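Enquirer: Chains A and B, in that order, give the protein sequences. Residue 382 in numbering that gives the first Met the number 0 sits at position 383 of the first sequence, with consecutive numbering throughout. Residue 232 in numbering that gives the first Met the number 0 sits at position 233 of the second sequence, with consecutive numbering throughout.
These aren't lab readings, by the way, just hints derived from the structure by calculation. This one's a predicted model, so the numbers in the text were calculated from it and none came from an experiment. In this text, a Cβ means the ideal position worked out from N, Cα and C, and glycines have one as well. Be aware that one or more of the hints could be misleading.
Said to hold, decoys possible - Ranges between beta-carbon positions, derived for each pair:
hint, chain 1, residue 1, chain 2, residue 2, range
1, A, R342, B, A163, 29 to 37 angstroms
2, A, R342, B, R232, 40 to 48 angstroms
3, B, R232, A, M501, 46 to 54 angstroms
4, B, A162, A, T312, 56 to 64 angstroms
5, B, F10, A, Q355, 31 to 39 angstroms
6, A, L316, B, S56, 58 to 66 angstroms
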Amino acid sequence: MKLLGRSARRWLLAATFVQSECVLSCSGDVARAATPVRIGSKQFTESVVLGELATALVRASGSSAQHRSQLGGTQVLWNALVQGEIDLYPEYTGTLEQEILKNEGVRGEEKLRSTLTSYGVVMSRPLGFNDTYALGMKAARAEALGIRSISDLRRHPELRFGFTNEFMDRADGWPGLRARYALPQEDVRGLDHDLAYRGLDADTIDVTDLYSTDADIAYYDIQILQDDQHYFPVYDAVWLVRADLKGRAPAAVAALARLEGKIDASAMAAMNARAKIDQVPETRVAADFLFATLGLTVVSEEQGPLARILRRTEEHLTLVTVSLSAALCVALPLGILAARRPRLGALLLAATGVLQTIPSLALLVFMIPILGIGAPPAVAALFLYSLLPIVRNTHAGLSGIPAPLRESAEALGLSPRARLWHVELPLASPSILAGVKTSAVINVGTATLGAVIGAGGYGQPILTGIRLDNVGLILEGAVPAALLAVAVQALFAGAERWVVPMGLRLARKD
Amino acid sequence: MLSLRGVSKSFGQTPAVRDVDLDFAPHTTTVLIGASGCGKSTLLRLALGLVTPDRGSVHLDGERLDAESAPALRRRMGYVIQDGGLFPHLDARRNVSLMARYLGWEGERTRQRVQDLARLARFPESALDRFPVQLSGGQRQRVGLMRALLLDPEVLLLDEPLAALDPLVRAELQDALREIFRDLGKTVVLVTHDLAEAAFFGDRIVLLRDGSVEQSGTLRDLVEAPADEYVSRFVRAQRTLHIVGAEAAR
Numbered sequence: 000m001k002l003l004g005r006s007a008r009r010w011l012l013a014a015t016f017v018q019s020e021c022v023l024s025c026s027g028d029v030a031r032a033a034t035p036v037r038i039g040s041k042q043f044t045e046s047v048v049l050g051e052l053a054t055a056l057v058r059a060s061g062s063s064a065q066h067r068s069q070l071g072g073t074q075v076l077w078n079a080l081v082q083g084e085i086d087l088y089p090e091y092t093g094t095l096e097q098e099i100l101k102n103e104g105v106r107g108e109e110k111l112r113s114t115l116t117s118y119g120v121v122m123s124r125p126l127g128f129n130d131t132y133a134l135g136m137k138a139a140r141a142e143a144l145g146i147r148s149i150s151d152l153r154r155h156p157e158l159r160f161g162f163t164n165e166f167m168d169r170a171d172g173w174p175g176l177r178a179r180y181a182l183p184q185e186d187v188r189g190l191d192h193d194l195a196y197r198g199l200d201a202d203t204i205d206v207t208d209l210y211s212t213d214a215d216i217a218y219y220d221i222q223i224l225q226d227d228q229h230y231f232p233v234y235d236a237v238w239l240v241r242a243d244l245k246g247r248a249p250a251a252v253a254a255l256a257r258l259e260g261k262i263d264a265s266a267m268a269a270m271n272a273r274a275k276i277d278q279v280p281e282t283r284v285a286a287d288f289l290f291a292t293l294g295l296t297v298v299s300e301e302q303g304p305l306a307r308i309l310r311r312t313e314e315h316l317t318l319v320t321v322s323l324s325a326a327l328c329v330a331l332p333l334g335i336l337a338a339r340r341p342r343l344g345a346l347l348l349a350a351t352g353v354l355q356t357i358p359s360l361a362l363l364v365f366m367i368p369i370l371g372i373g374a375p376p377a378v379a380a381l382f383l384y385s386l387l388p389i390v391r392n393t394h395a396g397l398s399g400i401p402a403p404l405r406e407s408a409e410a411l412g413l414s415p416r417a418r419l420w421h422v423e424l425p426l427a428s429p430s431i432l433a434g435v436k437t438s439a440v441i442n443v444g445t446a447t448l449g450a451v452i453g454a455g456g457y458g459q460p461i462l463t464g465i466r467l468d469n470v471g472l473i474l475e476g477a478v479p480a481a482l483l484a485v486a487v488q489a490l491f492a493g494a495e496r497w498v499v500p501m502g503l504r505l506a507r508k509d
Numbered sequence: 000m001l002s003l004r005g006v007s008k009s010f011g012q013t014p015a016v017r018d019v020d021l022d023f024a025p026h027t028t029t030v031l032i033g034a035s036g037c038g039k040s041t042l043l044r045l046a047l048g049l050v051t052p053d054r055g056s057v058h059l060d061g062e063r064l065d066a067e068s069a070p071a072l073r074r075r076m077g078y079v080i081q082d083g084g085l086f087p088h089l090d091a092r093r094n095v096s097l098m099a100r101y102l103g104w105e106g107e108r109t110r111q112r113v114q115d116l117a118r119l120a121r122f123p124e125s126a127l128d129r130f131p132v133q134l135s136g137g138q139r140q141r142v143g144l145m146r147a148l149l150l151d152p153e154v155l156l157l158d159e160p161l162a163a164l165d166p167l168v169r170a171e172l173q174d175a176l177r178e179i180f181r182d183l184g185k186t187v188v189l190v191t192h193d194l195a196e197a198a199f200f201g202d203r204i205v206l207l208r209d210g211s212v213e214q215s216g217t218l219r220d221l222v223e224a225p226a227d228e229y230v231s232r233f234v235r236a237q238r239t240l241h242i243v244g245a246e247a248a249r
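Chain A on its own, in the form it takes in the complex (with noise of 0.2 angstroms):
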């Protein structure tokens, strides 16, 4: 089922829904016959198994082939797809029925298909494993309660149950499922997945909801409790491609249905536990599943992880950069006319300030539906990030400057043009360099987030890490994201000797 990432944010999901019929009705049809096959998954690691497995099947039929790797939640990804930004992505038939066309009303595998044609989207036949919420909690705890099925859960009002945060909103989540067993439990929290599984080894909760191939359910110990009232509806794993793939790499299409009805749910559920319990990169789970299956030999790409961590270093730098030249390249003149025309100016320092009370994921998803995923998107919104600051300390630099000294640099009849580059852009510097400092260290900071929409940089390790439950990938993210901050401090505390006048600089010694 996993209609979204696990760990996305239910709000991510409203956010991108909003947008979906402007994505629909905005996305351009570019031809792009010469790129490779674009793969997308989702940020849970079967679908990154999943997905691995598609790009393996591409390559293996002769065609390149592009893994964009945990791009997000359904809606991202499903976007995309229809935009053409991916050219298939592993997704469930539930899915599809509940939340993707649920104001169509589609039931049933034929029906699906048909609809899916209108928008040029292919469905693959059944994988062959149904991945469904189940309820589940400690197998020691239930036998002690005696409780087997959901409806035993009805006895016994205490239990503290602790859902994801998209199962809980969901209609056919959490309300549907109360309202159908009549469940009286009043201590309901949402959590992120990963935590859920921890929380029950920990004692601090006592149910969650989890996927019938999840890794960790026999890794925690856990008894899934029986659907007695078939509640949950079926969610067959499956392909969705875009139609127009066929014609461009017919064999690629054909590689893929190979694997139609190969996978059952205990083949899916070790796949997975490898590749988040013994820690197997996805890569490796999916070229050992393919052998093993159809006698593919695939020529796994690992990368060694200082060549990982010197192109994550690239992407990052490139998203910071960019964007924070942009924002200079902006917010310095808004400044100016910020201090130059008051009125103007408290209306544009409102303006930027909103777009600093954006939550940071929002903002990244806003930008989907207008520029896509990968690292446009998530530059647009480090711009807008990192806008405040530099207009504020522009602004509070010049208005700060004693009136006595632009008066006199007025008396002695330079131009206004020539009083700012003179006088108050120098006398304002240290406090425009603060400016920027602040920018560029929320900045660093801040791309570590778009990875969630494709971006790359330090935070794919940190996505991937959390995903994994792997500190060891966390930090691969985070230390040199913590480095480079402070690489920025430093990097300005030296530019202040190039930026700031020297007589300034004396002057704040005294």
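Once you have looked at the hints, place chain B on chain A.
Expert: Just chain B, lined up with the frame of chain A:
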């Protein structure tokens, strides 16, 4: 000749200058004096166009000062404020020569001019490369004067130039300034609140009260023929200080 014609200016509801007519004859030194808030500084800023009058006009040699003519006219006037008003990010030399750079003077011409001015203002040439924060109060004031004189203006406007200085430095600078005024033959308008300083510099003293001219004349006129009770009180107040000082010394 610098002239103010029927000039009035209010800040919000508060009138700062009311209907002032003043002519400043070439080569003379006029001292504007009065209590704080009497409008003497505002008058200087009006003369430079830093403040736009609500009514009336300012003229320099018959040319009316307005937004368009201001930049050119300002280059014919030098302005010195308390503590020099130096730009802290520029060293003394660059403070003085800022306008020369703006007007595209040749390096040698600029260097020569700065050197001449340093000699005139008795400012040590070795200190030209120091920043304002590295200079003494008296030195900053000299640099401010040099900056005002760079373009050899006809008019020199000084707003309490010596107020921030200790008595010894102040006396020294007073001598220097009077000498410079006399040698250069500028039209000088100097604002002070100290009658002794006014008498020291001024060919003419203009006593202001609440934005209007109360009396204009020499010190002798003010002392011997005060226009009204306020003038005699103002003069007496300054004398009283001397008397108190003298008695205390005794």
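Enquirer: Among the hints numbered above, which are violated by the structure, and what are their numbers in rising order?
Expert: none
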